[in-house]
Structure formats: C-alpha cells, structure tokens
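Engineer: Here is how the chains run, residue by residue.
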Amino acid sequence: MTELKPKIAVFKFASCDGCQLSILDLEEELLAIGERFEIAYFLEASRAVVRGPYDIGLVEGSITTPHEAELIREIRAQCKNLITIGACATAGGIQALRNWKGSAEFMKYVYASPEYIETLDKSTPISEHVKVDFELRGCPINKYQLLEVMSALLAGRAPIIPNYSVCVQCKLNGTVCIMVSQGVPCLGPVTQAGCGAICPAYGRGCYGCYGPKESPNTSSLVKRFINLGVKREEAVNMFRMFNAWAPGFREVEESLVG
Amino acid sequence: MSVREKEYRVDYLARVEGEGALYVKVRDGEVVDVKFKIFEPPRLFEALLVGRMYYDVPDITARICGICPVAYQMSSVHALESVFGVRVEGPLRDLRRLIYCGEWIESHILHAFMLHAPDFLGYADAIRMAKDHPDIVKTALRVKKIGNDLVALMGGREVHPVSVCVGGFYKVPDRRRLEAFRPQLKEGKALTKDLLSWVAELDFPSFEQDYEFVSLSHPREYPMNEGRIVSSKGLDIPVQEYEDHFEEEQVPYSNALHSRIKGRGSYMVGPLSRINLNRDKLLSETREALADMGFSTPCKNPFKSIIARVAETLYAFEEALRIIDEYREPERPRVEFKVRAGRGSGCTEAPRGILYHRYDVSDDGKVLSAKIVPPTAQNQKRIEEDLRAIAPQLIRLPRERATWRFEQAIRNYDPCISCATHFLRLEIEEE
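Read top to bottom, the protein sequences are chains A and B. Okay, so the first sequence: first residue is 46 according to this note's numbering, each after it adds one. Okay, so the second sequence: first residue is 32 according to this note's numbering, each after it adds one.
There may be inaccurate statements among the hints.
[Stated by the list, open to error] Computed footprint of chain B on chain A, listed as stretches where at least three residues anywhere in the stretch have a Cβ under 8 Å from a Cβ of chain B:
| hint | stretch |
| --- | --- |
| 1 | 76-84 |
| 2 | 90-104 |
| 3 | 277-290 |
No lab work stands behind these hints, which were simulated from the structure alone. From a predicted model like this one, the values you see are computed outputs, not experimental measurements. Positions of the beta carbon are idealized from the N, C-alpha and C atoms, including for glycine.
Please put together the full structure from these sequences, using the hints given.
Structural biologist: Structure, rendered in structure tokens:
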C-alpha cells in the first residue's frame with residue numbers, strides 16, 4: 046500500500062526569496078521533508094510541476110500588481126491550507142512603504158519610462174485578498190518555526206508558535222535589557238518573539254522584523270524613545286520597516302497626535 | 032513557400048531566485064529575436080530609501096535579496112563610509128571578509144548543487160537527484176550548512192544577519208567563539224575538495240564566447256570588499272568612476288534595467304569573471320586543486336561557471352581559516368565617525384558578481400538619492416546574447432531537451448531575479 050503524502054506547493058509574490066530559501070536552509074531536514082511531503086510546486090528548487098489541488102500552500106511575498114491580485118485567488122482555490130510565510134506575505138513587507146506615498150512617485154525614481162511597468166499603489170498582505178489559514182511572521186521567518194508548522198500539519202494539530210514579545214525572549218535568554226541599561230531605543234516591548242531576540246544580544250535595539258505582538262502599546266513606547274532623545278520623525282521611522290503596514294505599527298503616526 | 036513556425040514555451044523558469052521569462056523566436060531555423068524578461072514585480076528600493084537615515088540602509092537593502100543579504104549590507108556600508116570618509120581596517124576589515132566568506136559558501140553551494148547540478152544530470156531538482164546521488168547531495172548540504180552557520184556566527188542568523196553597520200559591526204565575535212568554529216571550516220574545506228573534483232567531471236556542452244569579463248581587482252587579495260573595477264578588455268577604473276563607464280537602459284519587456292559598458296556593450300560578472308581575472312590571488316590549496324584538474328583560464332565556457340563557483344567556495348574556506356588564525360579582537364566593534372553631506376559609492380563582489388551602490392546623503396545623515404546596480408542586471412544583456420549564440424545548436428534537439436538546455440544556459444549565471452527585480456518566464460517561439 047502506498048502512503049499518500051501531503052502535496053505541498055510554494056508560491057512567490059513580491060519578496061526577496063529569503064523565506065522560501067529557509068526551506069532549502071533546513072539542510073539537515075530537507076531530504077526528510079522530501080520523503081514526508083510531495084513537493085508538488087516549488088519553482089525556486091524544482092523544475093517538476095505537479096498540478097493542484099494542493100494540501101498545503103506556502104505563500105511568500107506581498108501583492109503589488111493587478112496580476113498578483115488575481116493569481117492569489119486562483120492559488121487560494123487550489124490550496125486546502127494556505128499559510129503565509131514572512132513579513133511580506135503577512136504584512137506587505139518593506140515595499141509597503143510606498144503605501145504612504147503611492148507607487149507613481151516611487152516609480153519615477155527607479156525607471157525612466159514608468160509606463161512600461163504595471164504596479165498597484167499599495168503593497169498589501171495576502172490576508173487583504175483571501176482567507177489565510179495561518180500566518181508565520183518574520184523578516185525572515187525562523188526556519189524552525191516553519192518546520193514546526195509543517196510538522197503540525199502532518200500531525201493534524203495546531204502549530205505551537207509563541208506570541209509573546211521579544212522582551213520575554215530576552216529574559217529567557219538572560220540578555221540584559223539594552224534600553225534600561227544603555228538607553229538604546231528598542232522595539233522589543235511591542236514586537237512578537239520568534240527571531241530568538243538576536244538584536245539586543247548583538248548590542249542593538251530590536252527593529253521589529255517579526256511585527257507587532259498582540260495589542261502593542263506603540264504610542265507609549267514612542268514617547269519613551271522621544272524621552273531618550275530620538276527625534277519624533279525617527280521614532281516613527283523605527284516602525285516604518287518590514288512590518289510597517291501591519292495593524293499595530295501602521296497607525297503609529299496618528300497615535301502620536303495630541 | 033511556407034515559413035516554418037514553431038513555439039517553445041516554459042512559462043515559469045525554475046531553479047532561479049525570483050521570477051522571469053525567456054522568449055526565443057526562430058524563423059526558418061534562424062534565431063530572429065531573444066528576450067530575457069524579468070517580470071518580478073518591482074519593489075522600488077531606490078525610492079523607499081529616500082528620506083531614511085543612513086544607518087537604516089544596510090538593513091533595508093539586505094531585503095533586496097534573501098540569498099545574498101550580506102552583499103547588500105557590504106556595498107551599502109562601503110558607499111556610506113566613502114561619504115563620511117571612514118576607513119575600516121585591520122580586524123574589522125577581516126571580519127567583513129569573514130562574513131562574506133560565509134555568504135559565498137552558502138550561496139555558491141546552493142546554486143551549484145541545488146539549482147545547477149541537476150541540469151547536468153537530468154534531474155528536476157536536488158531532492159530527486161539525491162535518490163541516485165545521495166552522497167554528493169548530502170555533502171553539498173553539509174557544506175552549505177557550514178557556510179550558513181558562519182554567517183549566523185557573525186550576524187545572528189543566516190538570512191538578513193543583524194550585525195553589520197556603517198563603520199564596522201554592532202558587535203564582534205570574541206576570539207574563542209571563532210576558534211571553536213575552526214573544525215567545521217576544516218571539515219568544509221575537505222568536503223569542498225571532493226565537490227570540486229566531482230563538478231570537474233561533469234559533461235560540459237562545448238560552447239565558448241568572446242566575453243568581456245568584469246570584476247574587482249585588488250593588489251593583495253582575491254577581491255571581495257575592495258579594489259578597482261577591471262575587465263579582460265582593458266577597463267581599469269576606480270569604483271567612483273563606475274557610472275562614467277557603465278550605463279543602464281530600460282527595455283519595455285523587462286522590469287530590470289539592462290547594463291552595458293558605454294561604447295562596447297554586454298559584459299559578464301560573477302565567479303567565472305573573478306577567477307579569470309584574479310586566479311593568481313587565490314590561496315594555495317585552491318590554486319593547486321585547479322592546476323591538478325587542468326582548469327585553464329581564461330575559461331570562456333559559461334557552463335563551467337559551476338567549477339568557478341565551487342573553486343571559490345574552497346577559497347572561501349581557506350580565507351576564513353586564515354582570518355580566524357590571525358584574528359585579534361578589535362578594541363571597538365566600529366570606527367567612530369562624523370556624519371557629513373556628500374556623495375559616495377561602493378562596489379563589492381556579491382556571489383553573483385559586482386554590486387554597485389551610490390548614495391547622496393544630507394548633512395544630517397538622510398539619504399537624498401540612491402542607485403543600486405545588482406549583478407544580475409549587469410549580466411542580463413550577456414545572458415540574452417548567450418541564448419542567441421547557443422540557439423542554432425539547440426533548435427535541432429528535441430523540444431524538451433532544447434528547452435531544458437536554454438534554461439541551463441540561463442542558470443549558468445545564477446540569475447538572482449529578486450535582486451534584478453525578479454521572475455523568469457521561458458517562451459521559445461519558432462516561426
């Protein structure tokens with residue numbers, strides 16, 4: 046009797062490829078993954094393409110063109126479980142900085158003839174277009190969290206991904222708080238853990254690459270930054286990075302009014 | 032008389048980083064048009080950097096590419112350091128080479144064995160190749176992991192490491208941690224020698240072109256972070272003159288700009304160019320291994336770029352071991368400097384070739400303008416010319432084999448479309 050392996054597909058939208066690369070970076074587990082799953086569609090790794098439907102669709106990247114907006118609907122229809130991987134797919138990515146200015150102004154910086162290039166005004170997460178079954182955070186994702194999500198799907202259970210803050214992770218690691226001890230502005234209090242709290246361990250403030258934790262108190266943190274001597278504009282820009290469009294970080298400027 | 036028309040199509044070119052396409056038009060056995068299209072959606076980095084503080088630049092530009100983030104960090108910090116008049120010397124300079132060694136290892140092995148080798152043996156991917164060649168794939172994965180571990184040791188994680196900043200690092204590793212990594216590097220070096228012998232025995236299509244090879248060149252070392260820009264046809268300029276000699280043009284069918292040398296045309300960047308122009312700067316074990324296998328330079332067969340990639344991996348292990356042997360912890364993790372207004376450029380050797388950055392910065396450290404020219408944009412025109420040149424021998428083959436060989440010819444360049452903008456689509460149309 047042949048064992049029916051779950052069919053997995055990896056799709057890419059506007060992104061740097063780093064999150065799907067994390068699959069290939071699971072060097073010690075990659076061949077085992079190849080045994081437990083049927084890798085049906087993963088263009089970065091394979092020429093072989095197996096038609097859908099798929100049991101699992103992993104989606105990297107944000108939606109930035111009219112074509113992509115159409116394509117994600119087709120992909121959703123093909124995938125039993127749709128999982129976004131990384132900050133682009135879950136929050137719009139760094140390219141969502143255009144959302145405050147519109148792409149037309151941005152395009153003319155880069156291209157002499159912007160009319161050749163079709164792009165939307167906003168870079169948006171997958172969940173603004175279709176239903177998403179699970180969102181894995183990070184810029185980049187933590188490859189072991191991805192492995193946990195894949196294992197959970199095999200076992201038919203919910204993935205165990207902590208949603209506490211980077212601060213909690215620093216405490217668990219025994220890292221001395223750099224904001225308290227050195228006055229370095231740090232997004233740790235409002236950012237979800239998952240990276241391993243590496244930035245404070247490297248002597249710099251967290252830059253929020255795993256996005257906002259549940260109900261982040263951003264306005265209070267910005268006030269603290271300003272007390273530490275950070276200019277208001279720079280304090281806002283600290284949130285305007287890879288998860289700028291994520292609710293919780295997106296409204297930071299408005300939250301400062303008054 | 033009927034005109035013979037035929038169409039080959041591969042809508043989504045696989046085993047490249049990003050999204051692109053190719054169009055080859057053949058009429059009565061003659062190639063009449065070749066387009067290498069990149070339709071990865073533009074992410075507009077040069078625009079979104081405007082108004083950002085200089086210290087955000089290495090972290091933001093790293094996100095152009097998840098495979099070579101260190102290259103973006105390096106070119107950006109060198110460009111900004113040239114604005115501020117900062118020189119990074121001694122152990123800090125060496126540590127930059129060390130993290131770059133890690134990236135060259137992981138990126139080169141990823142491409143050579145996960146993306147390119149399956150073409151030579153006729154497998155759809157490395158996982159399928161592993162069923163018949165388990166030892167070679169497992170060895171490659173082990174070596175790739177050591178490269179990734181080196182990047183993570185230096186920068187906290189392998190993709191988008193966090194330690195690099197203008198002036199040096201946020202934090203440098205202590206000597207003990209680096210020394211503890213020597214056994215892995217020695218293991219990686221030994222395994223890479225096996226991998227190099229293995230790729231040398233692959234079956235290479237006979238195909239040579241009269242390329243203009245372009246790379247950095249440094250008087251004392253194999254180029255990574257610094258040097259003049261030189262070519263096999265006599266170019267020899269400082270990095271600051273890049274824009275006087277190279278230009279970019281926009282073509283309607285591609286989201287990536289095409290580069291050319293002014294007044295001449297296409298050129299090739301990447302491992303084959305580096306090794307052709309800097310072979311004498313390799314360290315002894317790599318030089319000997321190449322001599323033993325009879326690898327002659329200049330090598331004008333782009334399919335042999337896989338040999339150059341693995342040879343550079345071996346070099347990266349030798350260089351990483353040299354750096355760790357000589358490492359003394361610097362007093363400070365970064366050089367102090369004063370922000371000032373100005374223009375600066377930087378060019379470093381990304382795994383795929385020279386990566387040029389240029390910034391204008393205001394007196395309070397804000398980016399006023401940015402220009403980034405990734406290696407794949409520079410190779411794009413040359414890739415099209417290779418496809419045009421190889422087409423006459425390929426269109427005689429059965430369709431599936433011809434198509435696969437066209438793809439392989441593109442993968443010779445390890446195109447990173449995420450960098451150049453992204454997405455490769457292959458269409459071959461025969462009229």
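Engineer: Would you mind marking each hint as holding or not holding in the structure?
Structural biologist: Here's how the hints hold up against the structure:
no., hint, in the structure
1, 76-84, "holds (count 3)"
2, 90-104, "holds (count 5)"
3, 277-290, "holds (count 4)"
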